[in-house]
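Peer 1: Single-letter residue listing:
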Amino acid sequence: MGKPDYFAPQTVDEALETLAKQSSGAKIIAGGTDLIPRMRSGMMNPALLVDLCRLPLNHIEIKSGWLHIGARVTHSEILESELLAVHYPALVEAARAIAGPPIRNRGTIGGNIINASPAADLAPPLLVYDAIVLLVKADAERVVPLAELFTGPGRTILSSDEILTEIRVPLPPPDTASNFVKLGKRKAMAIAVASAATRLTLDGDGIIFQARVALGSVAPKPMRSIGAESLLQGKAPGMEIFTEAARVASLESSPITDLRASAEYRKKMVAVLVRRSLEATWGQLGMENQ
Amino acid sequence: MTEIMVRFTVNKRPVSVKTEPSRTLLNVLRDDLKLKGAKEACGQGDCGACVVVMDGKAVNSCLVLIAQAEGADIITVEGLAENGKLHPLQEHFIENWAFQCGYCASGMLMSAYALLLKNPNPTREEIQDAISGNLCRCTGYHEIMEAIEASAADLNMKSSNTCDQKKLSKGDMHERLGNHPTEIY
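Protein sequence lines, in the order shown, are assigned to chains A and B. Going by our numbering, the first residue of the first sequence is number 1, and it counts up by one from there. Going by our numbering, the first residue of the second sequence is number 1, and it counts up by one from there.
Because the hints were derived from the structure by calculation, they are not lab data. Hints should not be assumed to be uniformly reliable.
Claimed, not checked - Cβ-Cβ distance ranges computed for the label pairs, FRET-style:
| no. | chain 1 | residue 1 | chain 2 | residue 2 | range |
| --- | --- | --- | --- | --- | --- |
| 1 | B | Lys-34 | A | Thr-257 | 45 to 53 angstroms |
| 2 | B | Arg-124 | A | Gly-286 | 25 to 33 angstroms |
| 3 | B | Glu-82 | A | Val-12 | 40 to 48 angstroms |
| 4 | A | Gly-206 | B | Cys-42 | 47 to 55 angstroms |
| 5 | A | Ser-262 | B | Lys-34 | 43 to 51 angstroms |
| 6 | B | Arg-124 | A | Ala-263 | 36 to 44 angstroms |
| 7 | A | Ala-236 | B | Glu-95 | 54 to 62 angstroms |
| 8 | A | Thr-11 | B | Glu-125 | 35 to 43 angstroms |
| 9 | B | Glu-3 | A | Leu-251 | 54 to 62 angstroms |
Quick reminder that beta carbons are idealized off the backbone N, C-alpha and C, glycines included.
Go ahead and model the full structure; you've got the sequences and the hints to work with.
Peer 2: If you want it as structure tokens, here you go:
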């Protein structure tokens, strides 16, 4: 491993100033659960590590209809949040599916997103909740839909002098339910072979008013299946339409073959996971209406 | 690269280490502080052989930079026994044959210790989750889970009889820390 310098700024401004001065030699570190193995294997060799650990980015709060999650919130903190359990159960389930406690105690939501792994467990639920991210630099900030942050495996639109400071998610409308399912080689410590998150919002007549279907590990980046979503919208929920939407999601996925699974297997599993997730989501809506 | 001074506590003793900031906590524990309980096996957070408790939470010490340990309270497996008496977790690991080669044991113990700190009455499922980041390749997990269950029962019984098993609050912890001179490495 190289021997980078280390700096833990006390404020976001101080962090941004440092990044602006350093340009490409600096790398942001938070939990380090992805970055440190990469540095140790020589895949990354930054000259300076800018540690976000002293920045006040560990909030989980609802303000004027939006959930705000600081980038430094850990997977364990997501798991322990009652607020998230009530409004965003798919996000909590995804955090539970990540690795084991020692990793969940260090790894952060910001890191999970910004590493832009196609297999990032938190991405599909955040996509079905229509999450946006706040990207800040010294003289400007921009708010970007999560789907537009990713440009490819491990790549995002974040520039080297910019920090993802916060994730914002609208409060789900009434009659909304959501779910996350993950297929891994085993229950713990496994990177997803494929994952799916779904959200259904019903109107007063029990018709699907809004549908979201997001997939992990089956495309160069976490993706939404727009075809499956538009198929579901305006229909009454039911197994037949779920099976059809799952088939469309499978067609829209573009997985690769790697050490975890073949592309063909992944494509088939997308159909299974999406159907199961929609079924589970619908099941929750049924329970609420009773 | 500039060396930095990092101050933290290990097993309730304050320490100061002058070091390169990007060394891992595991390296410093083993090479500088000569605490060889935490092991390096995979070196990337998959196996849990290096687990220590940092500010009350189980962490992979191979994935914590020493600079990130500034101000932290670290407990390693060496800190479990008190006054020459093994911690109930250690006793029950022995009784239940939860050790074989022993390579995973210190990490398993520390994951179990972190679990019992926040959840004195864990279910079997919660125990499984707590050690899901720790790999054992010889004894098997059954004996380990039984040892943790027995320890929880044991600790709960003691805490209902006496007060000395109650969790240390941050304040208690610092009071106890105050009695030790800082060790410089």
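Peer 1: A separate judgement is required for each hint: does it hold in the structure or not?
Peer 2: Going through the hints against the structure:
no.	hint	result
1	Lys-34(B) x Thr-257(A): 45 to 53 angstroms	47 angstroms, holds
2	Arg-124(B) x Gly-286(A): 25 to 33 angstroms	31 angstroms, holds
3	Glu-82(B) x Val-12(A): 40 to 48 angstroms	42 angstroms, holds
4	Gly-206(A) x Cys-42(B): 47 to 55 angstroms	50 angstroms, holds
5	Ser-262(A) x Lys-34(B): 43 to 51 angstroms	48 angstroms, holds
6	Arg-124(B) x Ala-263(A): 36 to 44 angstroms	38 angstroms, holds
7	Ala-236(A) x Glu-95(B): 54 to 62 angstroms	59 angstroms, holds
8	Thr-11(A) x Glu-125(B): 35 to 43 angstroms	42 angstroms, holds
9	Glu-3(B) x Leu-251(A): 54 to 62 angstroms	57 angstroms, holds
This entry satisfies every hint, going by the numbered hints stated previously.
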